[in-house]
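Here are the chains, one letter per residue:
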Amino acid sequence: MKELLLSNKAIARGAWEAGVKFAAGYPGTPSTEILESLVHYPEVHTQWSANEKVAFEEGMGAAIGGLRVLVTMKHVGVNVAADALMVFPYAGTNGGFVFISADDPGMHSSQNEQDNRYLALMAKVPIIEPVTAQECKDFVGIGLDLSEEFDTPVMLRTTTRLAHHKGLVELGKRGEVPLREFTPDPKRFSVPIYRKQLRPQLEARLQRLTDYAESSPLNRIECAESSIGVVTAGIAYQYAREALPEAGMLRLGLSYPLPPQMLRDFCARYETVYVIEEGEAFIEDRMRALGITNLVGKELFGNIGEYSPGRLLAALGRGELPQPLDADITLIPRPPMFCVGCGHRTVFSALRQLKVTVAGDIGCYTMGALPPYEAEHSTFCMGASIGTAFGLQQAGHKRVVAIIGDSTFIHSGIPPLIDAVANGGKLTLIILDNSTTGMTGAQPYVGSGQTIGGQAAPKLNIAEMVKAIGVEKVDVVDTWDRKAVPRAIRAALAHDAPAVVVAQGPCVMLPEIKGRDAPPYYVDESLCTQCDACFKVWCPAITRTDENFPLINSTECTSCTVCAQVCAPDAIYPWPQEEVLAV
Amino acid sequence: MTEEIRQNEMKAETFNLLFVGVGGQGVLLAAELTALAAARWGADVKQTEVHGVSQRGGTVETHVRFGAAVHSPIVTPGQAHALIALEKLEALRFAHFVHKKDGIVLVNDYEVVPGSVAGAAEHYPYNALDYARQKGFQLRALSATEIAADLGNVRMANVVLLGALSKVLPLPDDIWRQTLETRIPEKFREANLKAFAAGRDH
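Taken in sequence, the protein lines are chains A and B. One point on numbering: in my numbering, the residue at position 520 of the first sequence is 520, and numbering is uninterrupted. One point on numbering: in my numbering, the residue at position 197 of the second sequence is 780, and numbering is uninterrupted.
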């Protein structure tokens with residue numbers, strides 16, 4: 001019996017079946033569900049790591065130590081891990097090492113588009129690209145075998161539509177893989193003088209992989225009597241099958257290194273060969289470099305955004321696609337927003353009022369840049385808020401605030417804070433301490449007090465750590481306190497040395513809030529003066545009655561108290577407990 | 584033609600469905616139940632999902648395709664057999680995916696005005712249903728939220744719409760029932776079966 005499985009969960013299943021014993025990563029869309037699923041298999045040690053570089057290095061150690069390893073991250077996570085990725089292939093691995101690069105063409109949940117196959121090219125490691133949920137499962141095992149056979153880390157690349165779609169998957173059993181013998185060997189694992197000797201081996205390995213690619217079952221030809229051929233990889237293969245059903249296909253399951261002879265022979269059979277790949281012209285450019293000329297690729301299909309069957313059909317001139325009905329009606333957008341009761345709201349209300357320049361970071365709080373707050377003015381990459389704020393101050397800008405979440409701070413905010421303190425910055429930093437990695441769906445982070453499996457773990461005291469770094473002024477405030485939050489930010493701005501405000505309160509997705517039995521707030525219309533102050537806290541749970549009174553949606557209310565705090569006539573208070581019971 | 588042959592011929596066709604609504608309305612569950620029912624029926628099936636920041640109170644859009652062999656998980660505009668919309672504005676936003684002749688829009692007669700957008704209350708397309716009909720779409724509106732509320736829980740509006748959807752798909756009744764019974768936790772099972780029946784008989 002096949003099971004309907006999310007591709008990311010299929011990857012987890014594949015790791016388990018293939019005997020993986022160590023798995024690590026950092027949450028990031030579209031990769032997060034892999035480890036969240038893998039944690040349910042007790043034979044595998046599964047963990048969130050401080051960041052992708054740490055995860056990669058831990059995986060590296062586990063692999064050279066003899067285990068089969070899976071490391072997961074989103075595309076930009078590989079940038080963080082790149083330092084390790086570029087060196088590891090010199091030594092080669094021991095136990096199988098597969099890392100997931102989950103790319104996000106179309107930027108559904110990312111700051112940039114980035115085709116990570118170039119990073120694998122740079123590191124000189126093979127890339128495998130599945131096209132179904134079933135293959136997502138199978139390719140983990142195949143990748144681990146390749147990794148051990150060729151003594152190299154392997155990149156398994158997914159893209160959003162592949163990672164986040166469900167398909168039918170045939171499940172198998174776990175195959176236990178014995179620990180491989182590890183011999184500590186400085187010639188292999190250390191110092192440049194030895195690395196010089198290892199350098200030619202990288203090229204020899206690539207050559208062996210190229211030979212393998214020519215006959216690998218991962219590269220599959222589907223012949224057809226047609227003048228049109230298609231060379232494709234990844235989910236784009238499925239779109240090509242829909243848009244060009246009559247074409248012959250060469251589907252590259254191993255998209256680096258490429259099989260030159262196979263490609264030349266395939267292209268010689270057809271008049272025109274379309275190269276259809278999401279992202280950049282990675283395969284296409286390499287094919288052109290082989291001297292193949294009957295190619296049509298990016299000039300027709302483009303390198304921006306996601307592909308789809310419709311997009312290919314339109315590009316090929318095979319039919320006009322219906323367009324959205326927005327000619328004579330407004331399709332009002334529905335942008336993402338902070339959850340009802342989110343503790344970030346008070347902070348961004350304060351920042352908006354204070355008219356400061358805000359250097360933001362990666363997390364839900366990027367939404368602070370959107371209306372109604374519009375109080376975040378830069379967002380680049382993980383941990384960038386602090387360095388950016390420091391730089392803005394160097395350029396002479398006053399009243400600059402850096403804002404970062406707790407998980408992001410642990411991921412890559414600590415070195416820039418040490419830097420700002422040591423280099424004499426007068427940084428004002430707000431740490432949004434909601435005890436979780438919120439944007440990816442509330443995953444614990446190292447130091448949050450919990451493991452990925454929900455077991456208790458050491459909890460980091462962020463305020464004390466910041467003090468240890470040398471910040472003398474550290475204020476910890478309740479993030480839902482409408483008075484204390486702006487007061488603390490003002491005091492931090494006025495301070496003549498680095499100052500940090502820790503705005504504390506759990507994410508509303510955590511059981512501390514979601515699961516608690518607090519009575520919702522309601523509006524007592526006999527006291528309400530219709531002054532509208534409560535509307536200005538911009539809570540989506542507050543709407544208007546026909547008589548113009550505010551109305552709090554009792555199922556959505558999280559009892560955060562913010563609307564009650566701004567109500568001058570005290571017309572908003574918790575629903576009396578006895579009435580709750582009566583209802 | 585025996586029933587078995589007829590069913591097999593139907594499986595050979597690929598059915599394209601779009602489920603849309605606002606975060607929290609149960610769009611993903613409705614799509615999942617349909618995908619599970621199709622798999623139980625013996626079809627190949629694929630379903631897309633959206634995760635990460637795009638989920639926060641925004642538009643939710645998920646595609647389900649089933650048939651003998653499904654390639655793309657994404658539905659092409661103009662080719663959907665049914666658009667199942669839990670909210671009216673979202674029905675309009677995705678109407679162009681529906682095949683005008685062979686497709687149908689099944690829409691919950693329910694409005695969620697985007698709270699964070701300035702002027703949304705004034706510009707909300709309150710005439711969405713008439714407008715879509717005018718544009719040539721076959722459309723069936725149900726008060727799914729109201730029906731679900733009468734049955735005890737507004738959150739079952741998604742399953743009410745599934746009941747309506749079941750009338751335009753070839754999946755047999757007992758497949759739907761078994762799917763609901765397997766997937767819905769016991770606590771909510773009876774109520775959801777009732778919601779499904781209410782949508783089907785509507």
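To be clear, the hints were calculated from the coordinates, so they are not data collected in a lab. Bear in mind the structure is a predicted one, so any value in this text is a computation, not a measurement. No residue lacks a Cβ here, since even glycine has one placed at the ideal position from N, Cα and C. Treat the hints with care, as some may be off.
As the list claims (entries may be wrong) - Derived, one-sided and incomplete: chain B residues facing chain A with beta-carbon distance under 7 angstroms: (1) H679; (2) H682; (3) E705.
Claimed, not checked - Here are the simulated DSSO-like pairs of lysine-lysine, each with C-alpha atoms no more than 30 angstroms apart in a straight line: (4) K467(A) - K536(A); (5) K536(A) - K21(A); (6) K750(B) - K683(B); (7) K777(B) - K514(A); (8) K2(A) - K683(B); (9) K750(B) - K2(A); (10) K187(A) - K124(A); (11) K718(B) - K750(B); (12) K770(B) - K514(A); (13) K770(B) - K750(B); (14) K536(A) - K514(A); (15) K21(A) - K2(A); (16) K718(B) - K2(A); (17) K21(A) - K173(A); (18) K684(B) - K718(B).
Here is how each hint holds up against the structure:
no. : hint              : in the structure
1   : H679              : holds (4 angstroms)
2   : H682              : violated (9 angstroms)
3   : E705              : violated (10 angstroms)
4   : K467(A) - K536(A) : violated (35 angstroms)
5   : K536(A) - K21(A)  : violated (52 angstroms)
6   : K750(B) - K683(B) : holds (18 angstroms)
7   : K777(B) - K514(A) : holds (28 angstroms)
8   : K2(A) - K683(B)   : violated (34 angstroms)
9   : K750(B) - K2(A)   : holds (26 angstroms)
10  : K187(A) - K124(A) : holds (20 angstroms)
11  : K718(B) - K750(B) : holds (24 angstroms)
12  : K770(B) - K514(A) : holds (20 angstroms)
13  : K770(B) - K750(B) : holds (26 angstroms)
14  : K536(A) - K514(A) : holds (24 angstroms)
15  : K21(A) - K2(A)    : holds (25 angstroms)
16  : K718(B) - K2(A)   : violated (41 angstroms)
17  : K21(A) - K173(A)  : holds (15 angstroms)
18  : K684(B) - K718(B) : holds (12 angstroms)
In the structure shown, a violation is registered for the earlier hints numbered 2, 3, 4, 5, 8 and 16, in ascending order.
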